[in-house]
Each structure stands twice: as structure tokens, then as C-alpha cells.
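K.L.:
One line per chain: the protein sequences are Z and C, in this order.
Quick note on numbering: the first sequence equals residues 11 to 486 in my numbering.
Quick note on numbering: the second sequence equals residues 61 to 552 in my numbering.
Quick caveat, the hints were computed from the structure, so don't treat them as lab data.
For each residue, glycine too, the CB sits at the ideal point set by N, CA and C.
Listed below are the simulated DSS-like cross-link pairs for lysine-lysine, each with C-alpha atoms no more than 30 Å apart in a straight line:
no.	chain 1	residue 1	chain 2	residue 2
1	Z	K89	C	K446
2	C	K436	Z	K63
3	Z	K85	C	K446
4	C	K437	Z	K85
5	C	K437	Z	K288
6	C	K436	Z	K288
7	C	K305	Z	K63
8	Z	K194	Z	K301
9	C	K436	Z	K89
10	C	K451	Z	K288
11	Z	K398	Z	K435
12	C	K148	Z	K139
13	Z	K85	C	K450
14	C	K154	Z	K89
15	C	K154	Z	K139
16	Z	K89	C	K296
17	Z	K233	Z	K216
18	C	K296	Z	K139
19	C	K303	Z	K288
20	Z	K89	C	K437
21	C	K296	Z	K85
22	Z	K14	Z	K254
23	C	K436	Z	K85
24	C	K524	C	K446
25	C	K302	Z	K64
26	Z	K288	C	K302
27	Z	K288	C	K450
Covered stretches of chain C (in silico footprint by chain Z; criterion: 3 or more residues with CB under 8 Å from a CB of chain Z, positions within the stretch not fixed):
no.	region
28	158 to 168
29	287 to 299
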Amino acid sequence: MAYKTIIGLEIHSELMTNSKIFCNCTTEFGGDINTHCCPVCLGLPGALPVINKKVVEYGIRAGIAFHSDIARETKMDRKNYFYPDLVKGYQISQDNIPLCSGGFIEVEKEDGPKEIRIRRIHIEEDTGKSVHSEDGGSLLDYNRSGVPLIEIVTEPDMNSPEEVKEFLEKLKATLEYIEVSDVKMEEGSLRCDVNINVVEEETGVKTSITELKNLNSFKAVVKALEYEEKRHIELLKEGKENLKETRRWDEVNNETIVMRVKEGAADYRYFPEPDLVKIEIEEEWIESIRKNLPELPHDKKERFMKEYDIPEYDAGVLTQSKYLAAFYEETVKYSDDPKQVSNWIMGDVLRRINDEEIEIKDLKFTSKDLGELLKLIEDGKISNNIGKKVLRDMFDTGKSPSTIVKEKGLIQISDEGALKEIVEKVIKNNEQSIMDYKNGKNRALGFLVGQVMKETRGKANPQLANKLILEIIDEK
Amino acid sequence: MDLINLSATELRRKILNGEISSKEVVESYLDRIEKIEDNIEAFITLDREEALKAAEEVDRKIENGDKVGVLAGIPIAIKDNISTSGLKTTCGSKMLENYIPPYDATVIENIKKEDGIIIGKTNMDEFAMGSSTETSYFKTTKNPYDLNKVSGGSSGGSAAAIAACEVPLALGSETGGSVRQPASFCGVVGLKPTYGLVSRYGVVSYASSLDQVGPLAKDVEGIALLLNAITGYDEKDSTSIKKDKVDYLKALDEDIKGMKIGLPKEYFSENVDEKVKGKILEAVEVLKGLGAEVEEISLPYTEYALACYYIVANGEASSNLSRFDGVNFGYRTDDYSNLEELYTNTRSEGFGEEVKRRIMVGTYVLSSGYYDEYYKKAQQVRTLIKNDFKKTFEKYDIILAPTSPILPFNIGDKIEDPLSMYMSDVLTVSVNLAGVCALSVPCGYVEGLPVGLQIIGDSFEEEKILKLAYNYEQNRGIDIEMPSLRSEENGL
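Isolated chain Z, as found in the complex:
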């Protein structure tokens, strides 16, 4: 039996404007509880919202980056519901006329790129946060109340957890590129709700949609989806029907748990926010936003291929995040070999970053340090292998490569006189290998070079060692 998984996403991303969406309070993360507040974001009686133009601009930026249609006239609406973190009893959001409609994000698949369609992008205010006190009560922190958000809703176009991960990475990278959000899932500046169900392809029988919440990392998204995919397929196999429900991901037990069963759609009694006026968006404004938009991943990739003459694959990897791309470009400045830089970053650097689950921003060394290291290798001052060791040290200590090389005495022995003595010693101890070489076993030469490297703890210049060994053998 073949099954098709159907996944759609609702993503909330905090916008990094300086002030909140409807008042002048700062959007800064953290801060003492309830210190980034005023009558407006506390919803005090009589306080009124005034829209922050920057929020509209950032929303338009996202719309442009994701190929959406930008509304020429839009409005804010009230979404009415009661919850303690919602100060006014309604959230100011957008209902039937979102700021941006349509659009897509392209993800790479084995059989070529696939477009994941975006249904809409709208702007809204964030709510406060419940904090649980030691005595079991609930306290409220409204620093986040009124922080601007964009909500991005996709069509149900994703068919595997892997595809969702790809999509989210693309989305995150783009939001970073266009400088509208710092997209930190841990700090809650990127939040992702997922809708999933599975259809039995032959019969068309479907499971009811499950909504997943409390997904705090891309990894959690993937794991929760894998879990749900299996659960839904199992339901189909057993011929069981499931209820439309909201579940949350339990990271400790690696399972999803029912939060609530959805009985009919909630009625939010949307209506146009009468405290705000219509938002009119002029063509020229959109154009000026478009013109001033930072370079997007795709454009950067093309440029990297042309400017640095690196393969498409390399350019793709390096432009995955704007921070990685910037790191690459900075490093290239110190090196004469862009492809070599790409190899090192895609290889040792990214491997270590992925292993440690850190980000390029968290590195202890700078792009200049890496450039210096590569320059040492290019100039033959250290070998490739020593270079790798030095890089490991740089990860651990953050020291510059020249310091590490100096402290550990790793400079390559390129002095003929000094190396000759060692070579002679190695040859003396390995007469058999010389015989072998003379008898046509070329591998013996490699063995001898290796012995020299061993003797010098890797510091010998291998080309020079090679040359000296041949000279001595010839003399014999």
C-alpha cells in the first residue's frame, strides 16, 4: 500500500523592528519582567494602537522575497478570544485581506527543485507570556505583548518531514537575508505549527488532520512529524478513524500528546479594527523596498559561481545562510584560492558546526583567522594535515593559527640541510625499502616519505622530503 503524507505549516516570525507594532516600547528580547510595557501594549482602558510603518515594510520585504502579491489596500482586524496572555481580549491581526498573498519557496529535491506554495503572509501582534511561579500559580510577562509578527501560511504542499526541514531552512535563511527577523527558535522568534495527515493513495482514504504545537527546534519538527507520519499510517493500516486534534511534542519521551480535540472551528468573530484606519500601500513604496532589499540567496549563489568560479553545489551550500556566505566572502579575501576556501568551509568547518549544533556566528575564531590558516598552507608553511590540526585548536581555543603554529612549533621543515639529516637517517634504517624501490615497487617511496613525516611529527615539507629521498637513492 502506498501512502502519501500531506503537511502544511503556519509559521510565526517575530520582526526585528526597534519598537513594537502599535506603541513605542522596545522589542528587545529579555529585560526584567513587565518593563517593556506601556498603556497600549498592556491594553489599559482607553489606550489606542498606532501602526508602526516599519512592520508593514518588513512584511512587504518578506512578501517580495517569497514572490507574493502585495496588497495595495489592506486593513487590520480583531481576532477575539480570551486568554490571560492576551491583554485586550482580542489580537490585532489580519483576516480576509492579508498584506501578502500567494508566493512560494523552492526546495531542492533529488529530481530537481520543488515549489512549496505560500498561501498568505500577514502582520499581527504577539501576545504576552505566562510564567509559572514557584507556588504553582501563573504570572504574566507582557514584554512580548505587541512585538510584531508575520504569520506565514503554506499550502499543504510538503510530503515528508525531510521536505519540511528543507523548507524551514530555506525560509529561515531568507528571513535572515532580508533582515526582518533573527529567526531564533529557542528564543521563540520563530515558531512553527504543523498540520499533517496521510492519505492512502489507492483508496483515497485519509486520516483527519493533526495540528502539532510546541515545536522548539527544526529537529523537533522533524522528529514530531516522523512520529506522526508513522502514527497516521498505522491508523490507516488498522482502518481506524482519528479525531481532528491538536497535539504537542514531548521532547523528553519523544512522542506527541493530545492537547485538545477540535470541536468545530473556533469562532474568533473577526471584524475590522475600528481603532485603526485602512493601510494604503503605494506602488512606489513597494518598488523602493524591492530596490533596497538585501541580496537574496538565489542571487548570491549565482554571484558566487561567477565571482569565485566555484561549482554550483559549493555556491548552494555556502549561501544557505547569510552568515555562512558572509564568512566565506570574508575568508576569501585572505586567500588566493576560493575553491580551497570553499572546500575547507564545507568540509572541516561545517562538519564541526553541525556536530556541535552551533552556528557560524558562535565560532571562536574569525574568517580572518581561517584565511590566515589557508594562507599558511598555500605558502607551504604547514602541511594540509597540520592545517587540520591547527583548525581543531582554533575551534577549541579561538587562538589565531600563527599563534598555534608558533606555540606548538608546527612550521614545516623546508630547510634542505635540516631535512637531509633526517632523510639520511630514515634511509639508513630502511635499506629494504630502497631495494624494493629499485626493484620497481613505487610504493616504497611513499613509505619512506611517510617515515620522514613520522620522524618530524608531520612538519617535513613532503615535496622536499620526496625530492631528497630520490636524490639519495640515485646517489647510491
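Following the hints, put chain C in place on chain Z, whose structure we already have.
P.N.:
Relative to the frame of chain Z, chain C by itself:
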């Protein structure tokens, strides 16, 4: 000299030329309040100490020859739904019985900037929902002309305070006639400015698209004086309009010769008390005598206005009043064991019947499945009503009508019958729906009770309606006797 009988502009003149001090003025009014407030019950909160302090400050400024604002030293009463920093703002509700705002509404900032003296907060229907102050959690304000009659509402406290000479000026607020109707009932002048002319920031919202703060005074000059102080663009209110400042006092001096006035036949229907109609028609004759041209006109969508109003206003109100949930401020029930109960019991106990009724209706008209049928349709009707006015004002300068179809009624007469209570707004709500401006000016008495003449102007034509009202006031030939002058008869 009895200071409490002077008009606001007379007080201003005497304070400025040093004839009297602001402190004397404030003391006189506080004495008056002391004497009669128990009978009138116009105030929820009095701020004696701060008022005296502020008066002394103004006196000091005047003594020093410092520049002072247009309201220098004049006591002003504030409707209790307008936020006053450090001073209770209850909205006439148990829900906000002990709520003290940490900030001033923009209109309060403006009054303070102009050196006005805030003397206290006036009674009102709970959350401005009512036409008689009877829905107030605290008290019912009496009509100073007849203590058995209502003062009107929802700004009944402000209107009665002026009529009883407890203050010379007051702020009220309108959503559907809440300044004009009590002004009419209490025989004072009350203005509903054009939507957007006065900042709503800090005014506790009832229906955002209709709410507007308005001044009340003994005479038209007082209205112009207070309006001068409170108008102006406010960046904190997105619905406030950028417009050059106008000196409304200056506009009063011109005559009204040739002004074109329309009398909408729908406002003189059989539902309007014949005696009230009679007084309006007498006023029309006065205006004709001053050179105004009067014709009968029609505002055909008038009959839908009341229904339209109650849908739009209640829809918005149901959402605006959601913030009173017992979580962050205001009343919280003692009786709850979970969140649902906290909400339900807080709101059940904290709100009065009329407020709950309107929240229920408002919630219903916004519900999915009913939105199109009610709220959306009401908004469309609202557009038609706006067009009625727009078309009329292409031809006419002013629309004249009664303010209220009935005379002040007895306390208790209508409170059990919401529909008949709503009917008392029938002649005022259209103006709010259309967003235009209107005022009520006394035009005589029937059975010893005041009747108000409603003067309606196009958006931002306050100068025109004030000018007409002033010309009428100067020439109406009626002895307007503030009830304070008949204190013995009233037993005050």
C-alpha cells in the same frame, strides 16, 4: 457677586484681569457642590485638594505675569470614562470601581496644558451604555429642573453638574447622543464634534468608530472655549485628523444671514412629542428672523439608523469590553477555581444588566454565520446614512431637529424597558453614524422642563453650527433660568 452664576467666558475674563482668583472660583464651586450634590448626585469622584492646588498654581502664574492657557483657572468636570492619571476612572461600573489610570487621556493633557482645573469625575451610564445614568453602578443623577426626572445619559452627570451650577464647563462623550441628549434634558449646551476632531486616546472605548468626546457648558461661548482647548491632531489616535487649528470663539461673531437650513421631515414624525416639536418650530421662526432660509428636507434612511446604530455599537463594544476579564486590572471575582470561572464570574458580577445585554447582542452580530447578515449589513446601511447627510450638505449649511423626541422622563420609567429607552436616542444616533457634528442648545421649556434644539453640520463645520447656535442663543428671547436661581422652589 455669585461666582457660580457666571459663564465660563465671564469667569475667564475676571480671572485674567485679576478681579477674582481661580482659588475663589474653585472654592465657590466646591461650596456649591457641598450644598447640593446630595440632591443631584452628578459626581462619582471629587478631587478637591488637587483642584485647589491647581487653582493656586494658576493664580501664582497670573500674579507673576506668566502666560496662561485659555482655560486658566476655570473648574471643569470630566465624565468618568476619560482617563485621569492618579484619579479614579470608573466608567460608572463596578468593574472599574477602584481603577486608577496611570496616564492622562490626551484631552486631559490638553486641559491641563491650558490651565483648566479638573474638579472631579461625573456620573454616567455604565460604560456609557444608557440614556439616563440609571445603569450607573453607583447612583442615578437627578435632573436639576425636577429631581424626579432623569438627567439624560450617558453623560448625565456632566450635564446635570452644569445645570446645577456645580461647574461651568464639563466634558462628556458621545457614541449615539450621550452629550446632546442630557444637554437637552438639563437645559445646557452640548456638542458632539466631528469624528476625528478630538483625540479618543485615553477615553475608555465603547464603540470605537462612533465615540467622540464633547464639551458641555451653560452657553455656546463656553462650548467654543472648551473646544478650542481639546481639539487637535493626536499621533496617539490613528482616527484623529490632521487639520489646522481653528479659533471657535472667533467664529461666533458672524451673522447667519442667508444660511440655508433644512428641516428633515423624518425628525418631526408622530413619534416626536408635539410640545417638543412646537418649541423647535418657535426656534425656526427666530432663525428665519435672523435671515436664515429654511426648507423641509428628507433624510430617507433615518428609519434604519437606530437598528444600524445598535448593531455597529454593540458589535464593537462586545470586543472593546473584552479586556475587562479580571486578569490585569479592575474587578476580579473571589469565586473561581479555574480560568473559565475567573472570566465568567468576574464578568457576570462586574458588569450590570445593560452592559451584559449589549455584549451579548454584539457578540451575536459578529458571530460567524451572522456577521454578514448583521454587522456587515449595518455597515452598508451606515454608508447610506452617511450619503443622506453628504447629499443634504451639498445644498444646505445646517440641519435642524429636536435633540430628543421626548421630555425628560421619570426616574425608573424606562429602565425596565430597554427598547423604549433606546427610542430616546432616535434623533441623535444618525449623526454619530455619519460622523458629522451636532450640538444641542436650549430652546425653551415645556411644563418646566427644558427642550433642546439640535443643530447638525457637515464634518468639520463646527464653526457653522456654533455660529448659528450663538446667534440663536443671543436672540431666542427666552429667559433661560438655571435651576440654581430657583433653589428655594426646588428645595435646594
